[in-house]
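Enquirer: Both chains are sitting in their own frames, so use the hints and assemble them into the complex.
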Amino acid sequence: MPALPAPTQEQAAHFDYLEGLRGYNYTVHVKGILDAYERETATGRPEPATMDEAGAIIAPSHLYRFAAATQHQAQKMGWAAARRSLEGHTNRLAEVLERMPVEPRGRLVLDPALELPGYYTERDSEGLDDIHLVPGGYWGDPLVGPVYERGGALYRMAWRTGYTGSPPGALVAFAEGAPPGDCRRILDLGCSFGGLTMALRQAYPEATEVVGIDISGAALRWAHLTAEERGLAIAFEQRDATATGYPDGSFDLIAGFLLLHELRAETLDAVMAEAYRLLRPGGHIRFLDMPPYAELPPERAFLQSFDCEGNGEAFWNEFLSRDFKAVLRDSGFVNVGDGPLDYDEPSYWGTAALLRTGEFRLENRWVNAADKPAV
Amino acid sequence: MSSPPDPSAEVAADPPTRGYHAFEDPVHDRLLGVILALGAEVWNLRERLGLLESALARQGVDVSALIEELALDPERAASMTADRDAFLARFLRAISAD
Ligand SMILES: C[S@@+](CC[C@H](N)C(=O)[O-])C[C@H]1O[C@@H](n2cnc3c(N)ncnc32)[C@H](O)[C@@H]1O
Chain H
0 MPALPAPTQE
10 QAAHFDYLEG
20 LRGYNYTVHV
30 KGILDAYERE
40 TATGRPEPAT
50 MDEAGAIIAP
60 SHLYRFAAAT
70 QHQAQKMGWA
80 AARRSLEGHT
90 NRLAEVLERM
100 PVEPRGRLVL
110 DPALELPGYY
120 TERDSEGLDD
130 IHLVPGGYWG
140 DPLVGPVYER
150 GGALYRMAWR
160 TGYTGSPPGA
170 LVAFAEGAPP
180 GDCRRILDLG
190 CSFGGLTMAL
200 RQAYPEATEV
210 VGIDISGAAL
220 RWAHLTAEER
230 GLAIAFEQRD
240 ATATGYPDGS
250 FDLIAGFLLL
260 HELRAETLDA
270 VMAEAYRLLR
280 PGGHIRFLDM
290 PPYAELPPER
300 AFLQSFDCEG
310 NGEAFWNEFL
320 SRDFKAVLRD
330 SGFVNVGDGP
340 LDYDEPSYWG
350 TAALLRTGEF
360 RLENRWVNAA
370 DKPAV
Chain P
0 MSSPPDPSAE
10 VAADPPTRGY
20 HAFEDPVHDR
30 LLGVILALGA
40 EVWNLRERLG
50 LLESALARQG
60 VDVSALIEEL
70 ALDPERAASM
80 TADRDAFLAR
90 FLRAISAD
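In the order they appear, the protein sequences are chains H and P. Residue numbers for the first sequence follow numbering that gives the first Met the number 0, beginning at 0 and rising by one. Residue numbers for the second sequence follow numbering that gives the first Met the number 0, beginning at 0 and rising by one.
Think of the hints as simulated: they come from the structure by calculation, not from any bench. Please note that a few of the clues may not be correct.
To be verified - Examples of chain H residues lying across from chain P (beta carbon under 10 Å, computed):
hint, residue
1, A11
2, G19
3, R64
4, D129
5, L132
Since this is a predicted model, take the numbers as computed values, not measurements. Backbone N, C-alpha and C define an ideal beta-carbon position, used for all residues, glycine too.
Looking at chain P on its own, in the form it has when it is part of the complex (with noise of 0.2 Å):
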């Protein structure tokens, strides 16, 4: 997982647009960057997830239930806004870097 967003980096105002874009604006590149990143993101989701599913039905167990209780744990929050931001920071990454 990458490390979450340093505070202290700096973040170009106007990323470097050296070499190769496809676009006649290198935006939308990064843009397009930032789409084809986050369906990585949402695509390994849906594989852990069916893997998830699987392996408990493979052991008996039906997880639906424990899944909404643990939506709402205080305690499950805290590290949960750490994996967020890490995420963030990943699919966010083309929009500054070189």
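For reference, chain H alone in the conformation it holds in the complex (with noise of 0.2 Å):
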């Protein structure tokens, strides 16, 4: 990635603190309320069997609420002390964003007439949260690349690293995950800032095209840059999932990563019909992201759910509470199946790092994959 400008000791240790202040919160707070779940349901009553059930027993504790205001101030606090790091190096960063690599080995396609969805804009006027609590969301805020590389790695427990630097293999055990076969032609959707695209471009070498789309410019450009200077060969466009206008068949591997509780039932279902569309028979999808709430014990899956009104994610409980995998058969997909990611990294906790990572766990993963049938 584009250096970003140094952080002062002062930034440092403030970032340091909220990593400390986080990692406090999951293993002393989250770890005391399963605790106190555990006791207040071994008294001999029935098991809660829904997340609404573990709920109405966690959620009126004193502990669960200051675990949940902290994560939520933690989280704000992170991105305006990302954001106050980059105060000074605003013009420079801005410049940097529009030099373009003179010999880039990959490109960048933008497209400033795309209609971005009301889903992604309007957060404001419905009276939600910014998505991750980022002001300006991923598309209001020229600087969301810099931004996230510092915050959003910092939300990983990782800003010495970097956001796209994180979570280290993970990506690439993902990307490497699908069956073998011909892939040459690749395709991220919602790439963001090109952490899948760009191990897929590692996972495959021999691929002749690894594209990456999104419907947010300022994101693909910190994306298109980054890749480039790590000498990676990636076309980054701007286009919608839902409509993408390119050919039908066009690629042998579609992939995502967090892409899909991004967005509303609606639109995902559009997606996958694209989806389908632009693979070859017999083409492969998959994507990363977090597993149902139907696979996980009724307290993780109540914790988890904390995302959805605690850090602005507003359509977390539609897609997790869905049977996704009748979403991909429903949209003629087979070989329809799930688990979670097999990455043995004990120091790994799970990119989002939020609630429901108060200790290491596979589940923090879930992977998606279907077959578009051969004929």
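Expert: And the structure:
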């Protein structure tokens, strides 16, 4: 990634503090919440069967409220700290973003005329927090790349690594998980800063075309500069995943990371229909996201649901309550399967690092995969 | 460092309460925000002091006496006032910020 201004000692101390605060919140508060829940439900009464029943026990407790409020405040403080660390450098950063590599290995194709969907831009008027509580969401701040590089990394408990540098090997492991076969043309849906796109490029050095699409031009600029700096030949294009404009059967492999939970149900359906159209017969599709609530014990599912209100994730509950495998089948896909990401790295906390990630759990990352019928 | 308070800036008597709050009364979320921000400042100070002492010790300098002396120096008081105001603005922000 292009160099960010080095944080001052004060800023570094602030980031360290926020990571420590989060770590404390998970390891002490969240653990305390779960311990109390276990004591409460061990009293012989029937165990709560649903996340709502579990929530009725957990939500009123002071510890839960403090943990949730701390999480929310730490998140806001993190973005503010990230933004502050860029103040005084914004002109230089804007220049960096404008200056395109002279001999790029890949390309950047922006479409200033692209109409941004309402669910993306109208959160404020709906009285909702911006996505992840980032002022301006993914599209309102031209410096969203640098902001995420710092603040997003902080959110992943890895501010020294940078957002596009984390999670280290998990995305490559996910990318490599596609079944062996012809994977020459690869598409990453909702690529934002290109984390997965770069992992796909690494996992498939033989691929002739690796493309990342997103609707945020500012995010794509950052992705392009980062990939070029790493010498990775990737095309980043500003396109809507519901209507990309590519011809039928353009890709052998289509993937996405953390896109699904950010879409309304009807948008998700449209993206799956489009992905089906774009895959060649026999092509493969795979997504890495959160596990559905149905896969989690009710108290874990309840904690997981914090992000919906507490982290500006408006469609989180809608998506995680849905049977996504059925969505894939209804879109025409076959060999539909899912399960936790098989990635054995003890220090990997799951990337979103919110209330649910009180400890390392494989289930923090969930894979959905399917194929388009061969003919 | 944040800028010092701008006296002409409007601060709502009732800051907006849209968006998430964990406690019934959003004021409690804001108070927690103040405490957490204060904690960040305290941590930074301790960290910086520790770094400073280590740096000086590495140079063979004992600073304790000098610190006592500077604390009462009137010239230093002026720059301290500006720093202090910026500091207060930063950690009291949680009371009024959106
Ligand atoms: C959480 S981010 C994805 C993270 C990314 N895949 C990575 O590897 O770090 C979700 C992205 O989806 C994008 N997005 C939302 N709606 C979209 C749509 N209809 N078409 C394409 N991208 C969309 C957002 O702009 C945002 O960049």
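Enquirer: Each hint should be assessed against the structure and marked as holding or not.
Expert: Status of each hint after checking the structure:
About 9 Å separates the beta-carbon of A11/H from the nearest beta-carbon of chain P, less than 10 Å, and the hint is met. A distance limit of 10 Å between C-beta atoms decides the matter here; for G19/H the minimum to chain P is near 8 Å, and the interface restraint holds. Restraint check, R64/H versus chain P: the minimum CB separation of about 5 Å is within 10 Å; hint holds. Hint status for D129/H: holds, given a least beta-carbon distance of 9 Å to chain P, under 10 Å.
For the restraint placing L132/H at the interface with chain P, the shortest Cβ-Cβ distance is roughly 8 Å, inside the 10 Å limit, so the hint holds.
In terms of the numbered hints stated before, the structure departs from none.
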